[in-house]
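Colleague: Chain by chain, the residues run as shown.
2 protein chains.
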Amino acid sequence: MIVLHKENAGWIARRLRTEVHSGLPLEEVIEIINEVRRNGDDAIIRFEEMFDGVKLSRDSIAVDPSEIDRAVKALPVDLLRSIRTCIERLEQVERKFMEGLVKEVKIEFDSVAITYEFAPLDRVGVYVPRSRFSYPSSLIMAAVPARVAGVRSIVVTTPPDRNRNVDAAVLAVCKMLEIEEVYRIGGAQAIAALAYGTETIKPVQKIVGPGGRYATVAKFIASINTDIEFLAGPTELLVLADGSADPKFVAYDLLSQAEHGPDSIIVLAATSEDVANSVISHLRQTGFGVEVLDRLIVVIGDLESLIKFVEEFGPEHAQIMTSNANEVSKRIKSAGVVLIGDYTPSAASDYILGTNHILPTFGLARGRGGLSPLDFMKRVARVQASREFLLKYGDDIMRLAKYEGFLWHKKAVEVRVYERG
Amino acid sequence: MIVLHKENAGWIARRLRTEVHSGLPLEEVIEIINEVRRNGDDAIIRFEEMFDGVKLSRDSIAVDPSEIDRAVKALPVDLLRSIRTCIERLEQVERKFMEGLVKEVKIEFDSVAITYEFAPLDRVGVYVPRSRFSYPSSLIMAAVPARVAGVRSIVVTTPPDRNRNVDAAVLAVCKMLEIEEVYRIGGAQAIAALAYGTETIKPVQKIVGPGGRYATVAKFIASINTDIEFLAGPTELLVLADGSADPKFVAYDLLSQAEHGPDSIIVLAATSEDVANSVISHLRQTGFGVEVLDRLIVVIGDLESLIKFVEEFGPEHAQIMTSNANEVSKRIKSAGVVLIGDYTPSAASDYILGTNHILPTFGLARGRGGLSPLDFMKRVARVQASREFLLKYGDDIMRLAKYEGFLWHKKAVEVRVYERG
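Residue numbers (the numbering used here), protein chains in the order written: chain A, 769 to 1189; chain B, 769 to 1189.
Misleading hints may appear alongside valid ones.
Stated by the list, open to error - Derived BS3-like pairs: lysine-lysine, alpha-carbon spacing no greater than 27 angstroms straight-line:
(1) A:LYS841 with B:LYS1076
(2) A:LYS1170 with B:LYS1160
(3) B:LYS1076 with B:LYS774
(4) B:LYS1178 with B:LYS1160
(5) B:LYS1160 with A:LYS874
(6) A:LYS1016 with A:LYS823
(7) A:LYS1160 with B:LYS1178
Said to hold, decoys possible - Where chain B lies over chain A, by a calculated footprint (3+ residues, C-beta under 8 angstroms):
(8) 807-819
(9) 865-874
(10) 890-904
(11) 909-920
(12) 942-949
(13) 1032-1046
Unchecked claim - Covered stretches of chain A (chain B as the covering partner; in silico rule of three or more C-beta atoms under 8 angstroms from a C-beta of chain B):
(14) 1061-1068
(15) 1161-1174
Bear in mind the hints are in silico, worked out from the structure with no lab data behind them. Keep in mind the model is a prediction, meaning the values are calculated, not measured. For glycine and all other residues, C-beta sits at the position ideal for the given N, C-alpha and C.
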């Protein structure tokens, strides 16, 4: 158990972040990407056989519309309804959010006209992972904000199973969101295809969505040339609890966090040892709980220190279960999402609250929030100056260019101001 | 000379992008970063001696306020005035832009309350490079949007010269923007210090600003844990010209682009060979122009194909010098900045137009625009659900969790809905 004092909040926050740098298969992934850049579809087909054990041809890289229809028909109606609900809630919230966005700002002064336009991206790629879990909800969280932003073409890549099938619920989401380009490719080769294109797949302007180890490293490398939202690391939950929190609820939330996998990060920040101990005793009562205890990080401190700790740590999910949860939550700004009170478990935020579950991990929540329609828009800058402007400000430009050492920059202004008119 | 047809726009755009992946000093930079993480200030001091040939002590890592004052006093008054003008124009434009931003959106429906707050970051780091050129304007372009967003502490790192001095104009900008934390550190070690902290330097929430090779690779690696704006590659200028453009102006703009260094990318997209030839003949008339000719990329095509080409290429600067430049520019959405007409040279955009010059390169302009105050704000999501909400939507959550394979997620909802009240 780590005991927190005001002075060591920053130190603890930094120590709790694991080293992410060592042992990444950087060179291997660079080689896969370069192979796809050189040999396109042929490389894709080869890597799919190598990594997913699936033999594809050029014609079967893309999922056929009939396959999508079949998948949807085979799913239970109540599951389809729940998927629809998940889509609709997120869409409704994000549309409301976007109402306030000014689409164009025109600024004219001193003979310069500047226009800033928020334009949706044209074409984005969504990677949908697959493991012992399946992730239709990840596709929803990536594609809905893109649709709300106004993106015209959304491209999905997702690994096939041994029988070349793609997860049925993922295809159902494609159907509901009118996504027609779906490719049965996973891993680094999928990211390479999205970023650089092949004969079959046109490159995209941005790649989003979490992935396994190879897809994530590939997204990292591809981010040099193609915009991404952020890299997804192991999922993180921090529960901030005082004596008013129901310890059983807290225990189940820690358990649900743990099942994501052995590397998911589970932190209990408690205002006293008693609070921590009652959560721990509930954990002990379940079989799985004993395993969770082994990797649970407990931080004890007063409320002020714990808030400071959260801000320095920047968890993906910060669940605030204290007596004045609403007030406390207003002071948290460095979390992917702030979940307030006893009835907002992170499990609910994964599906149906209307907030996004594609959230920054690895400490990135200190710098940005979760995925939003704004991630699918670009601020396009257009500017037109005039001869009058250069007459007035030419000297400033030339002086700054000269100081910095750019003599031809100076001349490009000079030729317009002095050699004409 | 590359002749463009509608069909090969995408192919040409992709071929013109150089391979950026091979030969990056990834492992070496990871080692530098890990050294700084392990040994803090001592590692910084060692690397500064190794890479910049400067012997620092713990006390001299930070630039002293008196040093800033001395630097400012030594600079010519008219240069200070031009720096001030550069700051004021950018600030004025960005303040105007931000007027339209809604700071908080509250959405309540179905017993869930969601608040989205746009909160400024608390603490950001700006890397200011130094080479045979100096870059006070880069600091302006990074720090002004941060100030407009409301960032409280801005930290600057920049390499010292052999006499331990930091560029005087950079210090003048610090003075004008009330930046008090300035560190004389460059390269990968500076980025590591900003991202992970040392005894002297507290870590930041985001790192921005262009850098040399090592700083850029370090920013790439650090971006796993600390948000960045994007990586800065070699600068790019594409001039789209027809017969109405003054070929002499175009030639000087290509020359000013070339002086950034041997790897800067210079593209002339012309609507006819005649247009291209008259620009080339102006280039030939200057000594430097002959060198530029060697690496000039000329693309000839009709206006429609050229626009398509620009969109697929995504240049940092797109300068539109055609008869209906304003109309043409409206169709360009994939450029860092669109410069319109004969009197908006990219040289002016580097300093004083009021637009930002920290712009996406490497093809990233297809996905996002230049640096803006929005890069220094995060959308903080806060959400509170209720027991009623879980009663109504609990089945949907549990059904989706079960399909995906998350049984404890299901239980975290179950325990709240069925085992109480």
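Colleague: Could you run down the list of hints and mark each one as holding or not?
Modeller: Tested hints:
no., hint, in the structure
1, A:LYS841 with B:LYS1076, "violated (40 angstroms)"
2, A:LYS1170 with B:LYS1160, "violated (68 angstroms)"
3, B:LYS1076 with B:LYS774, "holds (8 angstroms)"
4, B:LYS1178 with B:LYS1160, "holds (15 angstroms)"
5, B:LYS1160 with A:LYS874, "violated (46 angstroms)"
6, A:LYS1016 with A:LYS823, "violated (48 angstroms)"
7, A:LYS1160 with B:LYS1178, "violated (67 angstroms)"
8, 807-819, "violated (count 0)"
9, 865-874, "holds (count 5)"
10, 890-904, "holds (count 6)"
11, 909-920, "violated (count 0)"
12, 942-949, "violated (count 0)"
13, 1032-1046, "violated (count 0)"
14, 1061-1068, "violated (count 0)"
15, 1161-1174, "holds (count 11)"
Checked against the numbered hints above, the structure breaks hints 1, 2, 5, 6, 7, 8, 11, 12, 13, 14 and satisfies the rest.
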